[in-house]
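Please put together the full structure from these sequences, using the hints given.
The numbers in our numbering rise by one with no breaks, and the one at position 16 of the sequence shown is 13.
Keep in mind the hints are simulated off the structure, nothing from the lab.
Predicted model, so just to flag it, every value in this text is computed and none were measured.
For glycine and all other residues, C-beta sits at the position ideal for the given N, C-alpha and C.
Incorrect hints may have been included.
[As the list claims (entries may be wrong)] Quick list of the computed label-pair ranges, beta carbon to beta carbon:
id : residue 1 : residue 2 : range
1  : A28       : G8        : 40 to 48 angstroms
2  : M(-2)     : Q27       : 30 to 38 angstroms
3  : H3        : M24       : 26 to 34 angstroms
4  : E(-1)     : A19       : 38 to 46 angstroms
5  : M(-2)     : A28       : 40 to 48 angstroms
6  : Y26       : M(-2)     : 40 to 48 angstroms
7  : L1        : V22       : 39 to 47 angstroms
8  : A28       : L0        : 40 to 48 angstroms
9  : Q27       : E(-1)     : 40 to 48 angstroms
10 : V5        : Q27       : 39 to 47 angstroms
11 : A21       : L0        : 26 to 34 angstroms
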Amino acid sequence: MELLLHQVLAGLATGGIYACMALAVVMIYQA
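Structure below.
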């Protein structure tokens, strides 16, 4: 159960990083 929690948190962190990068790219292209 603890391993699952760690994997979920790691996935959210990775997803958040990719989401921030994608948002930055969109902002750059819209500017």
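Consistency of the hints with the structure:
1. A28 - G8: 40 to 48 angstroms: Given about 30 angstroms between the Cβ atoms, the range is violated.
2. M(-2) - Q27: 30 to 38 angstroms: violated, 43 angstroms
3. H3 - M24: 26 to 34 angstroms: holds, 32 angstroms
4. E(-1) - A19: 38 to 46 angstroms: violated, 30 angstroms
5. M(-2) - A28: 40 to 48 angstroms: The hinted range 40 to 48 angstroms holds for M(-2) and A28, with Cβ atoms some 45 angstroms apart.
6. Y26 - M(-2): 40 to 48 angstroms: holds, 42 angstroms
7. L1 - V22: 39 to 47 angstroms: violated, 32 angstroms
8. A28 - L0: 40 to 48 angstroms: holds, 42 angstroms
9. Q27 - E(-1): 40 to 48 angstroms: Given range 40 to 48 angstroms: holds, Cβ gap about 42 angstroms.
10. V5 - Q27: 39 to 47 angstroms: violated, 32 angstroms
11. A21 - L0: 26 to 34 angstroms: holds, 32 angstroms
Comparing the model with each numbered hint stated earlier shows that hints 1, 2, 4, 7, 10 do not hold.
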